[in-house]
Amino acid sequence: MKSAYPKQIKPYLLIAPALLLAVLFSYRPFILTLINSLHTVSLAGKRLSFIGLENYTRLFVNPSFLASLSNTLRFTLFFVPTNVVICLAAALLSNRPGRLATLNQIFFFLPMAVGLSSSMMIIKMMFNPSIGIINQLLGFDIQWFNNRHAAMTLLVIAGVGLDIGLDFLLLSAALRNVPSDLLEVAKIEGASGVQTFRYLQAPLIGSTLLFVVVTNIKDAMLISSPVMILTEGGPFRSTQTLVYQMYLEGFKSGNYAIGSAIATVVFLLTFTVLLLLLRLERRRVYYQ
Amino acid sequence: MKRTVLLLALCLMAVANLFALGQRETQSSDVVTITWWHPNSGIAGKATDTLIERFNATIGKDEGIVVTGVYQGKANDVLTKTKAIMQSATTTDLPDLVQLDGAAVLDVRDDKSLITIEHLANEDGYDLSQIIEAARLSVTYRERMIAMPFNSSTILLYYNKSAFDEVGISEPPKTLDDLTQAAVKLKQTDARGKVTRYGFANVPTTYELMCWLGQQNGLSFITDEENGHTGIPTRVLFDDNGTMVNFLNKWKTLYATGALENLTSDLNGAFASGRVAMIVASTSNLTTIEQMVGSRFALGVAPFPMVDERATGGVNVGGGALWALDNKSGHEKETWQFIKFLASAESQLYWHIETGYFPIHRDTYTLEAFVQHLSENPRAGVAIEQLLSSNPRLQGIWVPSAYQIYYAFQSGILKMLEEGRSAEETSRALAREIDGYLADFLRMQQ
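Residue numbers (my numbering), protein chains in the order written: chain H, 1 to 288; chain E, 289 to 734.
Don't read these hints as lab results, they were simulated from the structure. Even glycine gets a Cβ: it sits at the ideal position worked out from N, Cα and C. You may find that some hints are simply not true.
Quick list of the computed label-pair ranges, beta carbon to beta carbon [as the list claims (entries may be wrong)]: (1) P203/H <-> L295/E: 51 to 57 Å; (2) S329/E <-> P203/H: 52 to 58 Å; (3) F107/H <-> L295/E: 52 to 58 Å; (4) Y359/E <-> G115/H: 17 to 23 Å; (5) G669/E <-> P111/H: 48 to 54 Å; (6) R523/E <-> R47/H: 24 to 30 Å; (7) P111/H <-> Y359/E: 28 to 34 Å; (8) T82/H <-> R291/E: 47 to 53 Å.
Restricting the straight-line Cα-Cα distance to at most 20 Å, the calculated cross-link-like pairs of lysine to aspartate or glutamate (DMTMM-like) are [to be verified]: (9) K124/H <-> D554/E; (10) K46/H <-> D395/E; (11) K400/E <-> D554/E; (12) K46/H <-> D554/E; (13) K362/E <-> D141/H; (14) K252/H <-> E620/E; (15) K252/H <-> D389/E; (16) K46/H <-> D398/E; (17) K482/E <-> D141/H; (18) K252/H <-> D395/E; (19) K475/E <-> D141/H.
Incomplete in silico selection of chain H near chain E, CB under 7 Å [to be verified]: (20) P6; (21) K218; (22) G234; (23) P235.
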């Protein structure tokens, strides 16, 4: 009995630090945000009066918020397929033995080792319309930061640059875990590369692929830091995303109530999309 | 059991950074240290350090005051850090003096730890009319001067003089109509019809609109409460008084010529490369633009163009100011000594020559060295003449949600140009959106 007591308490003790941090820095702010979004909040962060859903109704008639909503959805729509295709292609192409393949793998993985801010600053310089290397080298005359479509494209490029390292690593590892005897059998049977991928590799890396897609969607819905550094939401609000607007309202304008309402909307939106996706894919993905 | 204790110790170590471990600095009691947070780097940073050294070696030495300047990043970062301390319980960490730009006014002006310049000057019997009126009013809220203007600037028209000579324009444009005519002449296209040089590039920012709307009919206010200087604004006036529609109609005409490029970023670069023949920019960009243009073409500066002949209000003072804060150290008087030093005619002369920010002390303008400096640098003189002939009551708007309003203006005007909306419709839509932000802010008041 005497020795059983510490044994029972040990697991709780072990998760306590993590739980404490999670409660302190995730759950508590989350609940406070929910509560704030139903109140008017002063500049000093004090809740003034309960107003129900008024913050939300004000939000959904605000042209700025509607622009953010449409920008975020458009970004997700452009970014997720682009990123998944590029990462998957990179993983497939470098999935072969040999030293050069290893070199390729390092190249694809390396972007992960560069800090977000510095890589965004570099991209900003590279895409500068008058002195940037991209326009000079390719002979373009694209106003990357002044044209609405170009700015969105730039954001997608930046997003891929940010995510390629990790996604490549995950997909590469998954591809390597496809049993080599199965691949050999396919080869002997005369399966083409496309067939091998379609019927053998794709189903076997399905769970990883799903994970990559899910995290990509999450990243896309929550994108803000590249926006902050590269475009500041401009030109003409064309790259103002939901989380960036939340930052503007909450931190620049001190409008905590509206900021909280936006945060709640982003959460519900991302949560719904991911829930739907997981539900749809539950039966389709083969877990080894 | 041993392992559990060990684990607990490890966990505590892992979360050690959650607990404050600082300790209070001890100082000798005879010397008072004043901390100044500022965003000045590069040329302005060096000038800042020199001013501090000068103070410490003269007045500071006599009265036992040592000023330490702390570079806290860009203006925005300084505000973020100051705001964070103001909202926390321990305001003792605040600096004695902080330099913030116009966007900070709303965050700081009602804070408990703010010591107004009006109060400091009254205690000392200092005559505030030594500070030139336009600069003084730029930091006046409810008839009290709440800060000391320091890095003050206005806005100018920068033009490519070589291009002007090439197409035979002898004088820079005075009004938007003149500007439209000049822009048409300056526009160049290549054989395939692609524009190789635009006459003018701009998408009006809040600051430019402040001037273009405010200068109309001698003086027009953009929001009620005199642009927010006498209280919290509740609604915009530009739609009712027609100033926005008047401006937008001129702007539409300009855009219809095809000589206007809707450029929002890298304007200096586009201008210096010769792709754009005219831009408007802050006087604080003068040195940068001079360096970028180099000997590529002759650079000209002229007063900011007026909307029409009756828009005689001129331009307002922008830039930043010094705010005195109460950090419970009781060094109010010493801080004031230093503010007085920075605002003095001599310090302002040095600051102007080094950085190009215009002097805020009226006596600087009669100093011999200043007159000589102006005769050697006629471009600096244009900005000063323009400011001195402007209506001092034309002042910047103090409104919440500055970022949102900035983008509202830009995207609203772009929509008008690209989707062919009428000026009236655009003005109404802008008024509605900005009124919404003002209402949001009113709801945040206790």
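For each hint, the structure was consulted:
1. P203/H <-> L295/E: 51 to 57 Å: At roughly 43 Å between Cβ atoms, L295/E and P203/H fall outside 51 to 57 Å, so the hint is violated.
2. S329/E <-> P203/H: 52 to 58 Å: Holds, since S329/E and P203/H (Cβ atoms, about 57 Å apart) stay within the stated range.
3. F107/H <-> L295/E: 52 to 58 Å: violated, 42 Å
4. Y359/E <-> G115/H: 17 to 23 Å: Holds: the Cβ-Cβ distance is about 22 Å, inside 17 to 23 Å.
5. G669/E <-> P111/H: 48 to 54 Å: holds, 51 Å
6. R523/E <-> R47/H: 24 to 30 Å: Since R523/E and R47/H have Cβ atoms about 26 Å apart, the given range 24 to 30 Å holds.
7. P111/H <-> Y359/E: 28 to 34 Å: holds, 32 Å
8. T82/H <-> R291/E: 47 to 53 Å: The hint (47 to 53 Å, Cβ to Cβ) holds, given that T82/H and R291/E are roughly 50 Å apart.
9. K124/H <-> D554/E: holds, 12 Å
10. K46/H <-> D395/E: Between K46/H and D395/E the Cα gap is close to 15 Å, so the pair holds against 20 Å.
11. K400/E <-> D554/E: violated, 39 Å
12. K46/H <-> D554/E: Not satisfied, since the Cα-Cα distance of roughly 40 Å exceeds 20 Å.
13. K362/E <-> D141/H: Judged against 20 Å, a Cα distance of about 31 Å means the pair is violated.
14. K252/H <-> E620/E: Roughly 29 Å between the alpha carbons, so the hint for K252/H and E620/E is violated.
15. K252/H <-> D389/E: The hint holds at about 14 Å.
16. K46/H <-> D398/E: Measuring from Cα to Cα gives roughly 15 Å; hence the hint holds.
17. K482/E <-> D141/H: Holds: K482/E and D141/H sit about 11 Å apart, inside 20 Å.
18. K252/H <-> D395/E: holds, 10 Å
19. K475/E <-> D141/H: holds, 18 Å
20. P6: holds, 6 Å
21. K218: violated, 26 Å
22. G234: OK, holds: G234/H within 7 Å of chain E, min 6 Å.
23. P235: Holds: closest Cβ of chain E sits about 5 Å from P235/H, inside 7 Å.
Violated hints for the displayed structure, listed by number in ascending order: 1, 3, 11, 12, 13, 14, 21.
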